[in-house]
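Colleague: This is what each chain is made of:
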Amino acid sequence: MSLLTSLARLRALDEGIAQPIATVRHCHLSARPMVFVPLKLSGEAAAPLAAVLGTDRDRPHLLVVTQPRNRDLRFAWAAELAGVLLPYVEGFLSDTETVERRNADPYERALDAPQLLVPNTAGIAFTRLLGRSTRFRRPDGPYPVPETVPLLGRWLTYFGERAAFPGSSLMLAATEELGRHWASGQSGLEDANLAALLGWITEGPADDAEDPLIWPPAGPATDPGFDAEVLAPAIESGSAERITEALRTQLEPTWRLMWQAVDLLAGLPEGASVAQRWEQDRGSFSGMAAQIAEGAPPQARRDGAVAAASRLARMERAQAAYEVQRAYDDPLVMAEYRLTGEAFAGEVVETDPAHAEGEGRSRKLRPLVVVKTDDPVRLAPGTALGTPQRRGQGAELVSAGDGLVTIKITKGMGRGRTPTPGAVPEVGERVCYSSLTDDFQGSATLPEAEATPWTHGGPPSAYVPTDDDAQEEWS
Amino acid sequence: MNRLDALRGSTPQKPHDARAIAALAANPGCTRRALLDGAGIDKDAAARHLGFPAPFGQSPFAITRGNAFESLVKADGCAELLRMLRELLGLPIAEVAYHDVENVGAHLRHAHTRALFDRAARDGDDAGTVYDHPLLSLRIAGHTAYLEPDVVAFQLGGRFHIVEIKSFAVIDGQADPAAVAAAARQAAVYVLALRRMLAELGHDPLRVAHDVVLVCPENFANRPVATLVDVRRQLGVLERQLTRMTALDRLLDGLPEELTFDLMPGEDGLPTRPAAELADALRRATARYAPDCLSTCDLCFFCRDEARQEGATDLLGRHVRDELGGVGSVGEALGLADGTRAPGEGQEEIARLLRNAERLRRECLA
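Same order as they appear, the protein sequences are chains R and P. For the first sequence, our numbering begins at 1 and goes up steadily by one. For the second sequence, our numbering begins at 1001 and goes up steadily by one.
Bound conformation, chain P alone (with noise of 0.2 Å):
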């Protein structure tokens, strides 16, 4: 057994998506997450079991508004994508093929893909194709992550374009940039799984467009627009992460052999483990908590408690943080301003500007 099912233990594996690829990518210091993505432990039963449940929910307003919009878009085979499409990429008029990959079945789908995909790159077929339910890998640290983008779509001239469907409003062109910005970080993770695919099968992975089609509602109605989106700077980003995340191996070098994150399930499937001794394990691998934590990982509520008892400047934010210039908790930076602790070596600098900071609210206070 290796030693990242020992960590997972008897817990299911719980697969990776491209939201928490983007994710990882986001935090990738986190030697915490690092693992517990890495050995593919649900992390949102951990932190429920932990008592620190994570804080996300998705309305089910908001679901059935996704899922209605997504089968509009994709109604008859695709009709209303294709239409916009051909406008947006020239695609030709005639002859669009609609394939459904999930047809093959679930084990098959990605053997399948990669051999529609070989194929479309090989013959460089004449007409546009739309592949509906491809599924894709990559990966991660040692570690295969399944993906499924919304569609892939070959165009004339060999270029394969990832198409993403995302339900927020594009308002008079314009749309909730943080909502853009995770659809574009999650599209390049698409982008790099399937240009690693046609370099495995020996094609130009250039031939995937950076140019991702993202499909939105316009304005008030559940009319959709397709948009291109470049996603250069997202993937450049996310290949270095990808390369820089320290691997897995290194990691769990640093720690006992016996560790494991094992939740232990149940009949039921509910952990059965004793809280405090998962605690214990998880304090095992150091976690590098950033308020940011809070909209992207299901642990973030567990790793704040933990800093809360460190008293880490971290819980303030990475700016803090970086304006501290590496005083890492916050009893060493008050200290500084009063005046009541020595300026360690390389710390001159920020405790002479915490002095003066310290002195001048006192000042301005009084």
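With the rest of the complex left out, here is chain R (with noise of 0.2 Å):
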């Protein structure tokens, strides 16, 4: 959070009402998300209670554990789950386009996939748990489950995994997104409330949304004073009907809190960069998709060394990409580092678009261009720079002072003697610049799991599922 957002938040309070904090949307929204609302028992690591989900906002489903101590009807509620969940997922395997690869087979890609919605990050965490606890599960064996539970762990342990990634969109909480587009006038830790973040940006703070008998917690934790007073009595009572009902109560007003975010966040423009991620969303599903269709083991338990490294490289590469990218694709954003001085903005007073440097067959053309600005410029001469309004530019900076900025543009510009036509801003016309920019990363190189040095405990074992891991208590 920078002192703009805190700057929002404090209009935010004086007002009444959230202030916006992005011009455009930075996450992508599918046209039929997958809303999934779940509850889980209290005390328990990753016991379902029940869940509401749904693509329709008129007809969600409604999923209960009618009685939440009994393994076998955990498993029955599991495997409804992915009868609702599993062919939605699939449903995305069919349309696919072919992507040339420089160095590697060409791949199927789908062209659309699976998206995820759930209300907060508490709700993420308790999907990734819910994964680890029945991706294990075999369909044979002593204790068998049915053959679509482990499948389904396997999925949603793939999305709350991809959930940790920067900038994917496969499965999102309502609380972060609405969050990085609208400053509430509260802190940070209670946006964690759905029903109060979605207040503050509608119709202004109310109390109510604190009150869990008018907004009950949008999960997956329940509500103590609900779990004494009704939730306990009615499972006492072993009515699967009242205990449906009980539990149907606490979901209700956080799906229509969902759907209300959803269409909150579709009244935003799509930021430039948004389908560019996504794309990168969809490729990972049709890897995952692959592993799943060639039998691969489910995911480990833990990560190997080389693995893990792996994965925290291109979770740091995907970070500084997204962070770029909003940058680029949205003023607000971009603010940020001109308010610290990493980026200018301003009008150009001057050009030189013919200027060159160097002699005969060294002549380099470097047009210059001149920027008046009000931004506080922190860049030192010779910094390298990128511009929202050219994305292929590149430009260095020459001198700074006086509200005058100088830079000679570098990259983009055409090879011939003179500029290509647009190529140089013109007179007159507003412009960014920023030090930040956008350049490839070359993965760190590392050795082959099977060659995991002694320093990082040595080759992992390779999974072989036992009974144990299919057999693991669930109480």
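Some clues are possibly wrong.
[Stated by the list, open to error] For lysine to any residue, the following SDA-like pairs were computed, each having C-alpha atoms within a straight-line distance of at most 20 Å:
#1 R/372 - R/357
#2 R/408 - R/435
#3 P/1014 - P/1269
#4 R/372 - P/1364
#5 R/372 - P/1294
#6 P/1043 - P/1239
#7 R/408 - R/460
#8 R/372 - P/1014
#9 R/372 - R/427
No lab work stands behind these hints: they were computed from the structure. None of the values given here were measured: they were computed from a predicted structure.
With the hints as a guide, dock the two chains, each given alone in a separate frame, to form the complex.
Modeller: Here is the structure:
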């Protein structure tokens, strides 16, 4: 969070309504997202209680474990969940495009991918645990489960892990995404309450949002008062109908809030780089589907040393790219860099399009542009610059002072003796330049898993599914 | 009658527990909390009476699960626990004694715990002993709090280990970081209390290990697993905060003699004091609200309401407050941003930043 966001929060508090901190939407929003609101039994690690889910706001599927302590019912619930989720996920696999790759075989990439929307980050964590508790099960052997359950576990694990990947939109938490686009007049801690955050964005704050009787918590934890007053007696009574109705009251309000969040996000125009990140999501999704189709074992409990290092490196690169893309897509995000002097914007007051350096064969075209800006520029001469207005262009800072910045364009203005028309900004044009550039970073060279050095535990032993895994207690 | 007793008045004293002390150390600058806790006032009852009931509660399912897990670990003279301790700490297999301190009756428990630990530390008992239900004490700002760790293990070689039993799960070697951090803070309070007890008895306080034994259910089952958690950092924080915590006497000096937070409980135990009067009394002691209070202090909603009425930037969190570099009110900060307010001394830099930020926001949202 930056001072710009802090100022927006102050303004929100003063005006009693959330303030925008983004001018475009930075996440992909599916035309048919799967909204998923799970509830868990308090005190247990990952014991499901109920969930409401679906792609149609008028037709939610309500799934309830009618006797939460019964292990068999828990697996039956997981099978029901698989019955809704798997057809949705697999429905995206048939339409694909062939992607050519350099130095590798072409592969098939899904044209669209599934998107899971949960209320908050705790919902993502619970999804991951649900995946962990089901992916090692087996449809045969001493404790058989319906065969869709382990498959569901692998997909839930995949979505949960992908949610941690910067810029990915395969699984999103509503509070996180709303908080990325609006600043409320409350603390970040309080923003984790979906009802409260939506209240700030739509009508202004209301204390109702914190009253569990009016807005039940958005899960996965239930309200302790509800547990004591309603759920415990209902479980005691043994009536499946009573338990179902009780849980319906806790899920329905959140279901409505989730679709309200979808509408709010859909109201924002999509950022320019969102499609590019979604393309990576589609590729990742197709890769996962291919692994399952090839009969690969379920995801390991923990990554081996090489897998962990490579995952970390990929996430770091994604984080860096995500930050640059957000700034380039959105002037309000770029403003944060302008505030700290890493970027500047202003009007072009003078140009020298034919300026060149060197003589004869080494003569290079280096058009000069002078920008008048009010921003506090803190960039040293020689700094490489990029600009959101001309994405392929590279420039270099020549000098800065007294509100005037001189830059020379070094890349992306054509090969001729004069620049390509339009490559050099005209006098009077508003431009923005930043030291933030989306330079391609090569991936670190890591050894094959079989060659993991002894300092990192040596080669990891291959995973062999065991009966112990398959029949692990789920209490 | 001393002044702390006067603050409490006729309200029955509420004893401290380790969780409260750990939370106290989390916000040492809050005079209101220091006084209420120092005097042993039931903050939950006060908050309820003021019309700002605390937002926490524990689900009966969580309580049942927690109790069931603790009794599982402690069943049959801590048999399960001993098995894990043998592996983890190398307790000798034979002659592991189990000592339930609770058997002596509550009023004697602290003295009895003290005597037992003194003997163990002196004789260097050659077998491991597990003490169940010990009662320790800790002086907090001139006030004694009694604390009840789950179990204390004494091991060959003369080291004491605090054992903390928690019912959150450790899945594939990982647990909820927030839950582990809270358990570590709580265990650090016990380590400190036990160290001080040994020091008073003339023993080396460092015989209490800084590694506490955290016992949790493993994966999705009820099977317990023990892990050593290093609480040196938490201990350091706790000790520093406790010494830094302004002595209550000094806090009291600035307050009127007749000030009291008495709830005046009636025969049914419910407060009879007019809520407005109690609120006025509480406002005399300055609070230091931060959104973190929402998960640690019973009075949080009362203090948040107060911060809202004052338009304090504290409402938005420590991060925002720190970033605003000492501009305490929302109106002041916005005034600086709009340029309608001249910066005070030392505010020039933040005023310049805020004006710039305001200019950028206007430009981008136009």
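Colleague: All hints, please: hold or fail.
Modeller: How the hints compare with the structure:
{"no.": "1", "hint": "R/372 - R/357", "result": "violated (24 Å)"}
{"no.": "2", "hint": "R/408 - R/435", "result": "holds (14 Å)"}
{"no.": "3", "hint": "P/1014 - P/1269", "result": "holds (13 Å)"}
{"no.": "4", "hint": "R/372 - P/1364", "result": "holds (17 Å)"}
{"no.": "5", "hint": "R/372 - P/1294", "result": "violated (48 Å)"}
{"no.": "6", "hint": "P/1043 - P/1239", "result": "violated (24 Å)"}
{"no.": "7", "hint": "R/408 - R/460", "result": "violated (52 Å)"}
{"no.": "8", "hint": "R/372 - P/1014", "result": "violated (66 Å)"}
{"no.": "9", "hint": "R/372 - R/427", "result": "holds (11 Å)"}
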